[in-house]
Amino acid sequence: MTKLTVTTAQQWLDGFAAAIAAHKDYLSELDTPIGDGDHGSNMARGLTAVQAAIDGQDFAGLKDLFKAVAMALISKVGGASGPLYGTAFLEMAKLGDQDADLGHLLDAALAGIRKRGGAAPGDKTLVDVWTPVVEAVKAGSLTQTVVDDAVNSTKDMVARKGRASYLGERSVGHLDPGSVSSGYLFTALIATGVFA
Amino acid sequence: MTKLTVTTAQQWLDGFAAAIAAHKDYLSELDTPIGDGDHGSNMARGLTAVQAAIDGQDFAGLKDLFKAVAMALISKVGGASGPLYGTAFLEMAKLGDQDADLGHLLDAALAGIRKRGGAAPGDKTLVDVWTPVVEAVKAGSLTQTVVDDAVNSTKDMVARKGRASYLGERSVGHLDPGSVSSGYLFTALIATGVFA
Amino acid sequence: MKKIINDPANVVDEMLDGLVRGYPQYVERIPNTGAIIRSNKASMQGKVGIVSGGGSGHEPAHPGYVGKGMLSGAVAGQVFTSPTPDQIYAAIKAVNTGSGVFLVVKNYSGDVMNFDMAKDMAELDDIPVKSIVVDDDIAVKDSLYTQGRRGVAGTVFMHKILGAAADQGATLDELDALAQKVLPNIKTIAVALSAATVPEVGKPGFELADDEIEYGVGIHSEPGYRREKLQPSKALVAELVGKIDDEQHLTADKQYAVLVNGMGATPLMEQYIFTHDLLNNLGDRGIKPAFTKIGNYMTSIDMAGISLTIFELADPQWLDYLNYPVETIAW
Amino acid sequence: MKKIINDPANVVDEMLDGLVRGYPQYVERIPNTGAIIRSNKASMQGKVGIVSGGGSGHEPAHPGYVGKGMLSGAVAGQVFTSPTPDQIYAAIKAVNTGSGVFLVVKNYSGDVMNFDMAKDMAELDDIPVKSIVVDDDIAVKDSLYTQGRRGVAGTVFMHKILGAAADQGATLDELDALAQKVLPNIKTIAVALSAATVPEVGKPGFELADDEIEYGVGIHSEPGYRREKLQPSKALVAELVGKIDDEQHLTADKQYAVLVNGMGATPLMEQYIFTHDLLNNLGDRGIKPAFTKIGNYMTSIDMAGISLTIFELADPQWLDYLNYPVETIAW
Ligand SMILES: Nc1ncnc2c1ncn2[C@@H]1O[C@H](COP(=O)(O)OP(=O)(O)O)[C@@H](O)[C@H]1O
Ligand SMILES: Nc1ncnc2c1ncn2[C@@H]1O[C@H](COP(=O)(O)OP(=O)(O)O)[C@@H](O)[C@H]1O
Ligand SMILES: [Mg+2]
Ligand SMILES: [Mg+2]
Ligand SMILES: [Mg+2]
Ligand SMILES: [Mg+2]
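Read top to bottom, the protein sequences are chains A, B, C and D. Each residue of the first sequence is one higher than the last, beginning at 1 in the working numbering. Each residue of the second sequence is one higher than the last, beginning at 1 in the working numbering. Each residue of the third sequence is one higher than the last, beginning at 1 in the working numbering. Each residue of the fourth sequence is one higher than the last, beginning at 1 in the working numbering.
Hints should not be assumed to be uniformly reliable.
[Said to hold, decoys possible] Keeping only pairs whose Cα atoms sit at most 35 Å apart, straight-line, the calculated DSBU-like set for lysine-lysine is:
| no. | chain 1 | residue 1 | chain 2 | residue 2 |
| --- | --- | --- | --- | --- |
| 1 | B | K94 | D | K130 |
| 2 | C | K203 | C | K2 |
| 3 | C | K141 | A | K115 |
| 4 | C | K288 | D | K93 |
| 5 | A | K115 | A | K24 |
[To be verified] Residues from chain C that keep clear of chain D, each with C-beta distances beyond 12 Å, as calculated:
| no. | residue |
| --- | --- |
| 6 | E59 |
| 7 | P60 |
| 8 | G100 |
| 9 | K243 |
Hints in this document: simulated from the structure, not taken from any laboratory. The model shown is predicted, which means the values in this text are computed figures rather than measured ones. Every residue gets a Cβ at the ideal spot worked out from N, C-alpha and C, and that includes glycine.
Taking the hints into account, I'd like the entire structure generated from these sequences.
Below is the structure:
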């Protein structure tokens, strides 16, 4: 069982925000051939809002922290990624103060994402990163390789949800942008040392 | 006194139409820096209509011939050149059967042009070609040099009428397109041998 | 990128401000949101509110359709990005006068999810909300297992029909039934001559050569189904009408409304020529549309191109709805 | 040249056909002419007819303004070429119901001469005709010895004012006096980001570099007064308002109507942003326009750019005329 604390969670979010800022243009470029070219700006707008909402704040518990994160994402990102990332943090907020087990938290987040977006594994969405990562966290075996493999696995998939689905077979050969940003989320989580 | 006959007039118009067809693009190019780039197409549309109206027709006199020409020009050219060239031939039609003296005919045409358009010599319009040419015809001394000099004289003028006038001083250095097409008209007239 | 803007990050905010300040008789903005609602509050009393919206960049959609007889509110997101649930919710609350609110959503993951979340919020407030997800773009293959088709210019007809019905007192359930019945009758397909440039991106969504066109593009520069050499208008019409005919067999004994929609940079001159060829093509099939509209109604910023919407008027009342008077900026 | 057309020589003919067949409720075409007249004949009975027109390429001008409350007829010439007198005369005859006809002419040599000749023809038929020559473009230096200024987008306000007055029964003499009084109050100036491409020419009227704009261009790609690097919208507004202020001192104690006019390829997004900056600029001068209109009203085919018209409402009734209801395609 891997416990998450408010401090670690804040570190996690800082790392995620930094990664998004660093890769903003790259994420939008990924979103260009198979989407509408805005995933980087969407996420950057969202994480800027998240940082404004949590920076220098003292949160009593994970519940308050995650709720603030969720509200910032939901009200600032828009598009597909806003409700999805927002829902993920909202579901974690719901569990937050009773249950700080990372496996449980991420499990609830993924269930929320799947309910909100209706995507299943294999549909070439961020669900394809979250599913193996959450499995690995629950099994106590999350590594950077698990994350990277999950992100790369979306390259050969045919999109069935999101804008990329309009391309059908022609979506093959491109990484899914939401999966790449989710990869940064979990890379940032590993970097906190929470699994060490 | 130089007399014009129906046969010579038809030759004249054929020569004019041929010159316009050959220089259509050049006239439009001249109209581009100081106008709206359509003088060639306007004149070509008009002369095609003129040819359709007179080709193979037997005209009883100059009056009928010039009236047909005027109507074709007036109803097909549009723009500034349509009413101007149209008025010129209409005025000549008015005199046509009583007076076939070229000097008188062209004098009436020029008066019509000046009345219709309000331009005076020096305003960088086709009036600057018609004025010296009509003088020369009346004096029995029209030569190709008179025509060419008149056309070229428009180059250094500041336009005060027509679209080129919107440019003010910047119209200097460009030939006036309507003057160039009028140059073709008088070159075609000389080519009929009427002055020989 | 050559645009009349200031900071690319502020285009939506400045544009909405310009719009509501220019047209205060029709619309106002809920402060600090992208929610544009009717100024004529009396016209909404006792009626079901109709709220639409989506990413910006489709002007005059959607604020241009807000006004008596049409939308009650339109929520604008960032360029090509769905608006957020809190802003949609703000519009719902503002236009609800007790009879509930009907949402017109275009079928994009983002729009569907954000409008769904707003609906959840409104229901917590006991505001009854129903919605329709418009998916008129036949360029996309449809399937149960995918996102399905995009919502594009045909959405404007949906606004018009629902707005007219709501203004005449239709209930939320009646609007729901009407929307469900109308939806399968609206089919749209587009051709692009050039892609849109999102201000924050700074370059076009895709590149077409000087003599190339692309059939089946979406309104966010989503790629289409075929690229080829530029064709005469007649041939473009034949291709687009043919595709619609494959979907929705066009026959002389039915009534149709058509929308010839410019994508933003295509002048009316070309749209009217396209219409001329369209009416000839339909005429050859024995069809004379009962209703025609030509202009920039659902654009894609500065994309050059045209979309064609054919709406089968399965119920004669729909024609009355289309002709029903409205007070809006852009219908 | 990338356009949705068939043969460049037929663009006007096909466009007018597409227009009248698409909007038979508003307009019809006098066969074999470019004259577009009102379908609603009853609306013209006993009223003075208003006829406008000019070269094509300015769509929706001028046929888009034909209808009850606005123009009775609009005569379309070839692209950027004045219509011929016989066609103008055909329109005059068709809309005259015995009270005479008023002509709205834009100040171009060609238009002035062709409309004059049509007037001569109508007078031979004992149809009383008067006319106004609109010359609102302040980019051009004015002088008694020259052609004077061009008629551009402000002409649309002239149509609206005269159309409303005619519909309310103004006589030919009253319309003449009204037009004379209105004219000096309308001032327009434009900025271009790119020039128009006339279909038969096949290339733009002038070339601007990727980062260049030109102030003061006309609606036929006539060159302007200054070329410079692309500026933010705010700066464009400052330049254009400044020029108008030089002409027509803008003061807080007067009422104004403004028209922000897209040139054809400039999307509404940019026009609304420009409007936002415009209203700020005027606001700083204590001015809040009493009437605003934003959109493509007097275009230059596919030119990118915007023109700004400021119309001083010297008579409060003019605002009522602007707000007077019309039945047209495009107002
Ligand atoms: N229905 C869905 N379920 C799960 N993820 C989705 C869904 N639709 C889209 N996504 C994810 O969202 C990403 C796109 O996000 P973004 O570009 O920000 O939004 P938009 O597509 O609205 O422009 C995709 O790469 C994909 O991973
Ligand atoms: N008021 C006028 N009087 C005499 N000639 C004129 C006048 N206005 C224009 N022109 C002539 O017409 C020519 C332009 O004709 P054209 O290009 O066919 O018409 P437009 O200017 O309407 O496009 C000019 O070069 C000039 O010679
Ligand atoms: Mg995207
Ligand atoms: Mg010209
Ligand atoms: Mg998006
Ligand atoms: Mg011309």
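Unmet hints by their number, sorted upward, for this structure
6 and 7
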